[in-house]
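J.: Just so you know, the sequences run in chain order A and B.
Counting with our numbering, you get residues 59 to 514 for the letters of the first sequence.
Counting with our numbering, you get residues 59 to 514 for the letters of the second sequence.
In short, the hints are calculated from the structure, not lab data.
Treat the hints with caution; some may be incorrect.
[To be verified] Not close to chain A: a few residues of chain B, all C-beta gaps over 10 Å, as computed:
#	residue
1	E99
2	D102
3	L118
4	E174
5	L176
6	D216
7	R223
8	L292
9	A406
10	F442
11	W444
12	S446
13	M452
[What the hints assert, rightly or not] Examples of chain B residues lying across from chain A (beta carbon under 8 Å, computed):
#	residue
14	V84
15	M251
16	T256
17	F287
Quick reminder that beta carbons are idealized off the backbone N, C-alpha and C, glycines included.
There are 2 protein chains.
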Amino acid sequence: MAEQQQHEDKTALHLERLSEALDSGVQQQVKSLVENLSGSEIGDLLESLPPTKRLAVWELTDPTLDGDILVEVGDEVRAGLIRGMTQEQLVNAVGDLDLDDLADILNDLPDTVISEVLRSMDRLDRERLETVLSYPEDSAGGLMNPNVMTIRRDVSLDVVLRYLRSRRDLRDDMLGQLYVVDRAGRFKGVLKMRDLLTNDPATKVVELMDTEIVPIDVNTNQRQVAIEFEHHDLVSAPVVNEDGLLVGCITVDDVVDVIREEAEHSILTVAGLDEDEDMFAPVIHSARRRWIWLGVNLITALMAAAVLYAFEPTLDQIVATAVLFPVVMSMGGIAGTQTLTLMIRGMATGQVGSGNASWMMRKELLVGLLNGVFFSIILAVVAFYWYSDIGLGMVMAAAVLINLIAGAFAGAVIPVILKRMKIDPALAGGVVLTTVTDVVGIMAFIGLASYVLLAG
Amino acid sequence: MAEQQQHEDKTALHLERLSEALDSGVQQQVKSLVENLSGSEIGDLLESLPPTKRLAVWELTDPTLDGDILVEVGDEVRAGLIRGMTQEQLVNAVGDLDLDDLADILNDLPDTVISEVLRSMDRLDRERLETVLSYPEDSAGGLMNPNVMTIRRDVSLDVVLRYLRSRRDLRDDMLGQLYVVDRAGRFKGVLKMRDLLTNDPATKVVELMDTEIVPIDVNTNQRQVAIEFEHHDLVSAPVVNEDGLLVGCITVDDVVDVIREEAEHSILTVAGLDEDEDMFAPVIHSARRRWIWLGVNLITALMAAAVLYAFEPTLDQIVATAVLFPVVMSMGGIAGTQTLTLMIRGMATGQVGSGNASWMMRKELLVGLLNGVFFSIILAVVAFYWYSDIGLGMVMAAAVLINLIAGAFAGAVIPVILKRMKIDPALAGGVVLTTVTDVVGIMAFIGLASYVLLAG
Chain A
59 MAEQQQHEDK
69 TALHLERLSE
79 ALDSGVQQQV
89 KSLVENLSGS
99 EIGDLLESLP
109 PTKRLAVWEL
119 TDPTLDGDIL
129 VEVGDEVRAG
139 LIRGMTQEQL
149 VNAVGDLDLD
159 DLADILNDLP
169 DTVISEVLRS
179 MDRLDRERLE
189 TVLSYPEDSA
199 GGLMNPNVMT
209 IRRDVSLDVV
219 LRYLRSRRDL
229 RDDMLGQLYV
239 VDRAGRFKGV
249 LKMRDLLTND
259 PATKVVELMD
269 TEIVPIDVNT
279 NQRQVAIEFE
289 HHDLVSAPVV
299 NEDGLLVGCI
309 TVDDVVDVIR
319 EEAEHSILTV
329 AGLDEDEDMF
339 APVIHSARRR
349 WIWLGVNLIT
359 ALMAAAVLYA
369 FEPTLDQIVA
379 TAVLFPVVMS
389 MGGIAGTQTL
399 TLMIRGMATG
409 QVGSGNASWM
419 MRKELLVGLL
429 NGVFFSIILA
439 VVAFYWYSDI
449 GLGMVMAAAV
459 LINLIAGAFA
469 GAVIPVILKR
479 MKIDPALAGG
489 VVLTTVTDVV
499 GIMAFIGLAS
509 YVLLAG
Chain B
59 MAEQQQHEDK
69 TALHLERLSE
79 ALDSGVQQQV
89 KSLVENLSGS
99 EIGDLLESLP
109 PTKRLAVWEL
119 TDPTLDGDIL
129 VEVGDEVRAG
139 LIRGMTQEQL
149 VNAVGDLDLD
159 DLADILNDLP
169 DTVISEVLRS
179 MDRLDRERLE
189 TVLSYPEDSA
199 GGLMNPNVMT
209 IRRDVSLDVV
219 LRYLRSRRDL
229 RDDMLGQLYV
239 VDRAGRFKGV
249 LKMRDLLTND
259 PATKVVELMD
269 TEIVPIDVNT
279 NQRQVAIEFE
289 HHDLVSAPVV
299 NEDGLLVGCI
309 TVDDVVDVIR
319 EEAEHSILTV
329 AGLDEDEDMF
339 APVIHSARRR
349 WIWLGVNLIT
359 ALMAAAVLYA
369 FEPTLDQIVA
379 TAVLFPVVMS
389 MGGIAGTQTL
399 TLMIRGMATG
409 QVGSGNASWM
419 MRKELLVGLL
429 NGVFFSIILA
439 VVAFYWYSDI
449 GLGMVMAAAV
459 LINLIAGAFA
469 GAVIPVILKR
479 MKIDPALAGG
489 VVLTTVTDVV
499 GIMAFIGLAS
509 YVLLAG
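If we strip away everything but chain A, and leave its shape as in the complex, we get (with noise of 0.2 Å):
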């Protein structure tokens, strides 16, 4: 059992570790931790660096990992690694990269890099480039590696041998299934690999191959690409265009990729955030992000107290702060959601451990009191605007600024304490913040107005 916990935080561990060569100064202790990983592991550990050692541990990868790692990273992320990157460091980069890797990214380099690029590819990859760039990024043809290897129907199974003998840039990838066209380069079938193997080399492909499997046509929507996958656990298939020809491959690992980023956008949106963002942007960047979602909330919060406040007249017992709590309340219970929400994702993937949990806290406090401000200038105005009452107004400003406050903390430290206490922060994280923003906001509001207000 105690092995099964290490397992899991293996990433969290190996975060923690960097973290802790990083600040003690040793360069060759850091670049012994990052030496053995793939670019897409640095890549993760990158996204979970504040900048300032993001930078530092990206000095010292090796050079041939940083296509990988560009292509892995989140469009902030590597917004802010392209700019510190010279033209030619760049060019090497990305050089090497598949196509369908280097079509995701080719947007976010700089022009001078992408007219370099396209320079030194032959004009058949160029084509293929530019096919898979005139389709939509979240669609077949997006997703394609349109660098896929053909056999046609009347050769032998030796002369396919032979053909894959031949071939230089043979991957593994290519290997599940062969896929057999005709002369005009149209979709035939598949010739799978355990037929190759298992039958006389002197059979045409034509008698073995399968014509049962359906291509995927280029214009699907990735998130059904990754259905049929999953539906009939394919490795890779073929994709095909409007008039039945074999343009690309699309093989498991991108549909991997694919699953994830569904995944984690479904989790994200719930809170309004953006599966892009990263976690260590500059502080105003990330409340300019966050200020939408509170805004759509403070609208409909003052729908629900104007609710209330049309039925006030009716019913004198009700004052001011019954109208105006509500609102105090459900505006910390989103700025604290969106902070947990991120949280308990970067705990999920290892991405937050205790290397940079502190450094998020301080970010996501300075975050809720950016926005607090923000925020509590409007309400005050709302305040005063219903009762033409100053106090009442100062009195809602300073409760919203401590209940975002206190949201974004709770946010942080929650899912923290939950954790060691082996209970799932997914499961109760929610109701547990909730309540300390109600609590803290009916404390803050109805504490400062019988001060304030009372004592007046």
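Add chain B to chain A, keeping to what the hints say.
T.: What follows is chain B alone, placed relative to chain A:
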């Protein structure tokens, strides 16, 4: 664009057609719609159908797919399907399953079927099955296929190729990599298909095998396994035990299922739901499952109310209504969020569409009614206890009941409306829902209070 939309909704469209065919009662039409689907696709469809239609489709499916379908569906749906099968049908259905799939569902089978299946296996397969069962379901050991093809270091490629030709049970997913072991069965390395095909047949395996590949420890958690597959773009990976013996292999199709499972788990647990829940479980069953979460919220909402209550003496303008209505609001919000989350998940996977939306809606309203009655009684008692006022208790009870039903209705309808307006329900659903439950809660509570309490 229109075409892309069409592709995305393929699953939902299929469901709609099937539902129409079932309503029309033309068996032949139903049969032809199910005919060309894989077991996994039929499993998804069955999960999307209400119980009577589900059994009608299950009767018509090809018995050779029964095993795959049972593996695909969630625990609750599986239990329902198994209940309707004879012992002979069950033995035939699960007899041909891969050992890792069989291990997943073995514990759900009746004891007589288990012993029958075990008796029909040869000793080697029985031992392998026991190995898989001896590891936790969510570990590499529980995930792996113990039936793995191995080769020795000191043979030539020619021997390997002849060996492959002789295997009648060759599966495509075995062919990406061949695992090299020593005499004792210890993992030594991997022979890539590419190297097998492109080298002189007289070459020995030991000269070509890749010894850099790190096998997965059998105790590794499945989430970590998924991370390894993603980071290294793996198609399959060897699994070893504490002694370094090769005990199985994990293929990417199982990992895809793990990633999807973890993603659904994250989305559903936030609303206190469980991914193994049958969407069409009996109302009483679903209501009971969701009580827990509403109960937790009840306690925390009452804690917040207790804070308000404590402030009451110092602020005599705030009356009972102001203390209690946030509780009404939050109970409706939680109930609505549960329905909303189920709907959003179902719409994303295509399991909820126009074919079953009205069934879902009726069910959700009944669940809301049932839980509404339960919690309105509790809250009536609390309100009476605090304020010794029967009228207030009744108002509280009626308002909670109305708001839970409103929450269920809004949770079912809002995502459908948002989708028609081309707004992502995952993004905007929560805020719109909370506004509805807040407004309905306030109006029901204060409206009733002003009528009952002030008129009296």
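J.: Any hints this thing doesn't respect? Which numbers, in order?
T.: 1, 2, 7, 8, 9 and 14
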